[in-house]
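Trainee: One-letter residues, chain by chain:
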Amino acid sequence: MKKNGYIIVGATGGLGRSIIKSLDLSKNDILILVASSSIDLEDLRGASQIVNPECQIQIYKNDLSFLNHPFDNIVFPFDYPNWEVYLVNGWSDAKLDDIYASESLNRIININYASNVFFVMECLKYLNSSRTISISVIGSIAILKSRSSNVIYTCAKLALKSYVESVATSLLNNKKFKIQYIVMGFMKTTLNHGSPLFLTLSTVTAAKSIIKALRSSKKVVVYVPYYWNIIALLLKIIPSKLLSK
Amino acid sequence: MNKFLSFDLTTEIKCWRKEVDRRSTLKKINYSDGFTIKGSGLSYVGSFIPPIHKGKVIDYSPANLIINFDETNRTVTVLTGITLGDLFNFLACKGLYLPVQPGHPDISIGGCIASCVHGKNQFKDGTFRSYVKELELFHPKYGYIYCDSKTNSDIFELTIGGYGSTGIITKATLFTKLISSNAYKTDVIDIKTIDLIIPTMLKLLKKPNCDYVYGVLDLNRSKTIKSFLLSSTEEAGVMNNFDLSTQIIKKKFFSRSRPIYKCLYTKMTSSLAFIYLFYNSKKTKISLFENLFPAAKNMTYYKLFGSSGFIEKQLIIPLVKFDEFLDCLWQLIKLSKIAIPLCTIKIFKKTPYAGLLRFDFDGVCITIDTEKTDESTKFFKKLDQMALRFSSHTCLYKYSLSSRSLVNQEYGEEFLKFKKKLSLFDSNNIFKSSFTDKIF
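Chains as they are written, first to last, in this note's numbering: chain Y, 1 to 245; chain W, 1001 to 1440.
Bound-form chain W, shown alone (with noise of 0.2 Å):
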């Protein structure tokens, strides 16, 4: 029995795993009790975690091959357990790599195809789907499925985003990108005045040797709120100074566990934590892999939520409804008097892959971390019920609140289209999640 526990600490359970390191054994595996698929354990929600007490995992992180490399068209062949970071050390010595990377380097490719995630410049480079040219899928009804946009394309979307629920994501080819630079540039611009935020971002994401820019907020303060961007642009050449292989990793960064003490942020200390993030950030040069990874860096900002853990909430907002929104959701704030640690905003562009429960729309995506308690609990209740006022999407994979009713809500036909499509592919439901059985 091993004890599972989500990276936001909000859902935790004893199971049973069965670790899978080739292909093949998925075969052998006795799949009536149904299953949960796990690579890094490291989703926010625990989609990791199976839906009821010592229920049955399947661990496919130590499936971690790169199995073909194919230099002329820029692809590579992966087994889906291998790591973020793994798969960087790799490319990276190839003057290649993969654009969209949420934060840290130790989630699994196939947790990405999983949740169809985002890096920090979605506006530029588009979802995960962008980058899986072709996957293969392992369900017991029907053995190892192929699929790519032509050839199974159905269950392939599906797949993409899909949470787990169409089977064991065993193998990805994922398209790459040249490295232009291997060094980046971070830059703070102090805004003046909130109205002007997006504005300035719109504009900054223009040029051309913008890497992302996203706005902090802090939220926190009763009269103003206090916001500067943060941008990293791509230096100009090849830096010798920042050798790619400098940037190998060294080592595993981070193991979740429940720390003893009580969260250490408080309206005072959040608002000091933005003063810091700002000064502290300034004209700073780095590495192409911090730049990818920023979390691997800053894991004490998770640990100093404490023993009872996180909610982040990550939705999107319309542009010209944000304004509106960010006015309700101050307002919201003051009333609920709840500290929020770091809320940033990104611009979010729809790409051609949209559809789905992808978080995948055109507007402003906005992020709220919170610690959780009952207050913050309430809080994200009525935010809920507020921002769908304002055609809002929240990031399921993100949010431990999410419901049913609040999928409905939020992605309608597209949940509906999702659960038949679904349906028709696997009616008995073999691999669910606490995650999808909450939402599904």
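Chain Y on its own, in the form it takes in the complex (with noise of 0.2 Å):
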């Protein structure tokens, strides 16, 4: 039987989570959780362990804030041909983000841009003829269009994109490799919870539609919920003085 790997680097989170139980894990396949609390990783691998039993599951506590060669602890078991990536980790704070000062700069850069270019270069380095890998990045749609918060999130997410298609650019002839940035949507988690947002998705929707666009679209930008596509187009023609009002 074919045996397939997982990763999900912030796997603790609502769309983690999500991932996790929309994945059809089979009894050969190896699912490796990567979250930066042991306690929630435990828990998660109890959860994940019910559903699938015969499935092996490792999981490694991963502080994203520092990069001290991140997924150092992470071992590649060699005999798993096909590997499924997906790297979930973002993490903003409004209120210390803006123009003017950002206390959590490093934090931001490191979560959201540099730990995910660490990881994709972990990847690489396992690339070879007889391994499959296919990465999922998980974006934002807050590249859209630049704003006065989230300014360095922003920023880390754009150069990220930029990371991800340089990276596809880069290996478009290797059959063996495939990358993807997922332009997300608003979605509705635990951190958003109560914010006036609009078009929100469920984390079970946005999961499966990450799933399905790695497995199927060619397409390394990929927007979830496609119609964010629209709204990106729509966002760049209307003057940023008129959505600053």
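Just so you know, the hints here were simulated from the structure itself, not pulled from any lab data. Note that the structure is a prediction, hence the values are computed from the model and not measured. Note that beta-carbon positions come from the ideal geometry of N, C-alpha and C, so glycine has one too. One or more hints might be untrue.
Only part of the chain Y face toward chain W is listed, based on derived beta-carbon distances under 10 Å [to be verified]:
(1) THR12
(2) GLU42
(3) ARG45
(4) ILE50
(5) MET187
(6) THR190
Computed cross-link-like contacts, DSBU-like style, restricted to lysine-lysine with a CA-CA straight-line distance of at most 35 Å [to be verified]:
(7) W:LYS1381 / W:LYS1421
(8) W:LYS1018 / W:LYS1223
(9) W:LYS1094 / Y:LYS3
(10) W:LYS1150 / W:LYS1421
(11) W:LYS1028 / Y:LYS188
(12) W:LYS1381 / Y:LYS145
(13) W:LYS1150 / Y:LYS208
Make the complex out of the two chains shown on their own, each in a separate frame, by following the hints.
Mentor: Following this line, the structure appears as structure tokens:
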């Protein structure tokens, strides 16, 4: 039977949990979960193991705020030929992130940008003719238009998009490698609970769309849900002055 | 800001809510202003509602994972935001269930522990305390506390039935029971004279296949009290046509909002509802799910109370004093001229875990529902005083008119013991709600 490996970075968040639920894991598969809290990881391992009792589940506690080779502790099992990687990690703090000062500058950049770059680099080390690696990097619609809040967060996500596009271009002819940047629309999560957001998506629906895109879409930049594609176009046309009002 | 409304519609407040879907988040919150803990938000008296306007609430309902299942010992470990319905879905597929369940599948496990709830057959199954093996509590002063009947036993006992005042119940391991049958038969037994109701109930409860028995009383008539018994018995063997998979919950049942119409219950419609229930419940075959969660199908009953909401008082009267109490109650209802849409009785048996503020005593448990009006408030105040003469104990988590003095008079030394233990554990009283603020 075909063996598949799945890695989810930022696994304990709402979207990470929904991706785990939506993956059709079989008994030979391996699931590697990475997050910053060991107790949450233990809970998630327990919950995932109940649903998939024969699947091998490994957990790694990595605090992505610090960039001292954040993924050194993860070892890819070599006998798994197919890997799907979901980089769901993200963090923002609107109160501490404007043009004047960002007290959490390092943390925002590390979690939202640098850690992802490190991880993709780590994956590339394992790339060979007998292994397929597909990576989904979760971005944000914050990149669609510059704003006065979440400044560094937006920069980090935009830089990440640029990095993903560069990697995709560099490895365009490699049929064993795929990387995708998801421009993620508003989601109902505990982080944005109570915020006046429109067109919000449940994490389960978003997870299904992300998995489907990684498995079937050839695009490097994918909008989830799809209609953010149209909204992105409109946002480009509308002058910033109007939006700021 | 969110508007929170208690299930009985008597308490309403605007507050700030923080959703928490994992245990580690709890450590990152600043608790200096005090917090109220919310599970599903279906508490009758609004145990999840903060004591002050714009108070802060930790909503733990998104933390709803089943994190361990021990097939050998038949225990399940969950994050306590999980609902009874979701847990039922999981356990039923393994041939197991939780015997003590309040009637609604959307109630969270955390809520069941915090209130130490009882099910339809307390006489046979005890209270929720009997099914809690161990739990984990989070309190900002102590961090995560593991407790069971041996380790930190004082905190364990204080938390089960502590109305969320000891901290956030993050994780719990529960004992489960084997499903012996997945189909039940409900029967209606007409009671000719009211004095026969308790002996008949006791007789039925002794039958091995009896799941529960409760009496339904019509107290709205002026000449006599009409009553019948509703019993549920297990059908022999496992019924193929009652496949468990058909009982899986398809959607969330109900969201509480205030209706715009007035109460539709009068003395006459209440009596008609009694007759309807009598004829409609005769020899019905129901599934385990319907047997455990009758309220899921009967939410209309609560909605018909209209915009003013309702008051429910549930109290235990010692067996020997019940007949006299019932007579006094009936006289009181006749004098106050209020309609009682539903009055039920059950037999309770004190468990080894009784004590503190748990609703766990020997006697007859009587439940009275009315529309919330000035008249009914006066009625309940009179009933409180009258019931004290019969050594009554009120179920605190259902009665919105509970007061410190009532709890003091009814629970006496156990109440003082609870308060003393709580102040030793948390002198700052970080976790409080409008409900605990009123009674502690």
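Trainee: Would you mind marking each hint as holding or not holding in the structure?
Mentor: Status of the hints after comparison with the structure:
no. : hint                  : result
1   : THR12                 : holds (6 Å)
2   : GLU42                 : holds (8 Å)
3   : ARG45                 : holds (8 Å)
4   : ILE50                 : holds (5 Å)
5   : MET187                : violated (13 Å)
6   : THR190                : holds (4 Å)
7   : W:LYS1381 / W:LYS1421 : holds (29 Å)
8   : W:LYS1018 / W:LYS1223 : violated (54 Å)
9   : W:LYS1094 / Y:LYS3    : holds (28 Å)
10  : W:LYS1150 / W:LYS1421 : holds (17 Å)
11  : W:LYS1028 / Y:LYS188  : holds (21 Å)
12  : W:LYS1381 / Y:LYS145  : violated (62 Å)
13  : W:LYS1150 / Y:LYS208  : violated (45 Å)
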